[in-house]
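Take a look at the letters that make up each chain.
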Amino acid sequence: MVKMYGVTRVYAGGAQALRGVNLSIDKGEFVFVVGPSGAGKSTLLSMIYRGTVPTNGQVWVAGRNVVRLRWREVPLLRRRIGIVFQDFKLLPDRSVYDNVAFALEVIEASPREIAKRVPLALDMVGLSHKAQAMPDELAGGEQQRVAIARAIVNDPFIVIADEPTGNLDPDTSMDIMNLLCDINMRGTTVIMATHNQLVVDRLRRRVVQLDEGIVVRDELRGGYCGEA
Amino acid sequence: MSGMSCEVDTAVKLRTMAALGGQALRSLRKTPALTSIMVVMACMAAVSIFAVFAVNLTAIGRQLQSQVQIRVFLDQNTVPDDKEALGNSIRALPGVIKVEYVSQDEALDRLKLQMGESGFFLNDLERNPLPDSFNVSLARAEDARAVAAGIWKLTGVSDVIYGQKWVDNLVGALRVLWGLTGIVACLALVGASLIVSNTIRLSVFARRKEIEIMKLVGATDGFILFPFVMEGLVIGIAGSAAATALVAAGYLGLVTWVKSVASFIPIIRDPIHMRFAVIGTVAFGAIAGLAGSAVSVRRYLKV
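Top line first, the protein sequences correspond to chains A and B. Note that the first sequence covers residues 76 to 303 in the working numbering. Note that the second sequence covers residues 2 to 304 in the working numbering.
If you are wondering where the hints come from, they were derived from the structure by calculation, not from laboratory data. Take every hint as true, because none was put in to throw you off.
Not everything, but these chain A residues come out facing chain B in the computed CB check (under 8 Å):
#1 P150
#2 R153
#3 R154
A few chain B residues that don't get close to chain A, going by computed Cβ distances all over 12 Å:
#4 D106
#5 E118
#6 L155
#7 L247
#8 I268
Taking CB as the label site, the calculated pair distances span:
#9 F232/A / C187/B: 52 to 62 Å
#10 A60/B / R145/A: 52 to 62 Å
#11 T59/B / S185/A: 47 to 57 Å
#12 G262/A / A284/B: 52 to 62 Å
#13 D257/A / F206/B: 36 to 46 Å
#14 T59/B / P186/A: 47 to 57 Å
#15 C187/B / K102/A: 53 to 63 Å
On a predicted model such as this, the values are computed, not experimentally measured, just so you know. Every residue, glycine too, gets a C-beta built ideally from N, C-alpha and C.
Construct the complete structure from the given sequences, taking the supplied hints into account.
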């Protein structure tokens with residue numbers, strides 16, 4: 076599903092975010108990417124949806140070398156990937172329903188398709204009853220649920236979550252994690268960068284640990300800190 | 002990832018275009034579009050005024066040019082057959098539309114008529130001093146020099162006169178005026194494009210979060226750009242249409258005034274003759290709007 080070969084990313088100014096990363100993630104896996112701030116977690120995730128391109132190396136997603144995608148092909152890649160961020164990235168002037176529908180509107184889905192898919196996505200995240208609420212009327216966990224609904228409404232094969240519990244309390248974080256696990260159970264690959272030791276230790280999924288841009292640990296059922 | 006092999010259809014669907022058009026109009030309310038429309042209007046009004054001026058002077062110039070004539074004086078001893086042959090030769094020259102023979106008696110009569118009472122001495126002449134002549138009308142005043150040179154080469158011609166300097170000055174003045182109109186138009190285009198560009202930049206900035214999300218969920222460049230291009234186009238067209246309306250109203254007032262006070266001034270009174278100025282100004286506004294938004298979107302959106 077996702078393969079990286081010798082991926083290095085050097086930013087302007089010489090800072091090295093990733094150094095020769097090799098990684099292979101299969102379809103249906105749930106992978107935590109952990110490591111201290113500045114370890115390269117977000118850069119690694121953005122390589123998958125081509126938010127960043129490597130300075131060296133190759134990134135393959137679903138059999139395509141995304142580094143070599145033409146610019147016009149990038150939107151099509153992103154339509155198959157759901158992305159969730161720590162800061163939710165919701166549009167404050169649109170309702171919950173419209174925020175989720177937005178992901179379908181911009182890919183020019185038909186109104187019928189939108190009317191069918193949005194309620195399903197909201198039902199999946201348990202927010203059907205708040206479809207007409209505005210984002211600022213929701214709690215942090217609910218806002219993240221809306222972001223997840225937007226990420227899955229297009230039925231993606233990968234969900235990328237960059238610190239999705241970073242702004243949430245422990246209980247709400249576990250709710251979000253349960254939701255991501257449900258999505259994973261349906262066959263969607265989930266790749267999540269996190270600092271949240273509690274969720275990593277509790278879920279015991281594959282853990283890829285980065286330190287200064289290098290993969291220092293890749294453990295199948297790991298904890299946040301590894302087998303110390 | 003089926004379908005990745007084919008590119009995203011960058012053409013925006015009609016239904017989507019309508020939705021995005023609405024979005025562009027909503028965006029106009031959020032950005033200082035009215036200010037931009039006013040500035041575009043000022044730029045385009047300058048273009049319109051110059052265009053109206055140039056169209057009028059060109060019309061006057063054409064009218065004056067149509068009155069430009071070459072007078073060809075004949076040798077006194079030219080026989081009638083030769084005169085006819087000479088007339089035919091002149092008629093055959095390129096640019097000549099009419100050749101009128103004026104005998105020396107007719108020329109004297111015309112002179113008497115022209116001079117009126119002050120030409121009393123003409124009645125006492127023992128002999129008519131005026132030569133036979135041809136009055137040659139031209140299609141275009143610019144051809145006067147070449148036609149005159151051609152006539153000089155013909156036999157039986159004693160002199161050729163035309164208002165050479167006057168004709169050259171007129172042609173030159175019209176060229177300068179149109180050149181000036183072109184320069185003003187270019188400056189206005191650049192000015193209007195810059196202001197539109199600035200407005201679109203603000204619009205892009207105001208919607209940067211939305212744009213970021215659009216990119217992340219797989220919107221095409223065309224989808225993201227369309228509302229901004231529409232916004233620029235609307236500003237350009239609205240500004241230039243307002244300028245056209247303003248200048249047209251002023252011009253109609255001027256026409257009415259000229260008609261009542263100085264009707265001898267050959268101002269274009271039929272608005273249909275000004276249609277090129279109107280269409281040109283609005284088209285210019287549209288180009289400025291498109292160019293402005295394209296520059297801004299390319300520079301600040303980087304999609």
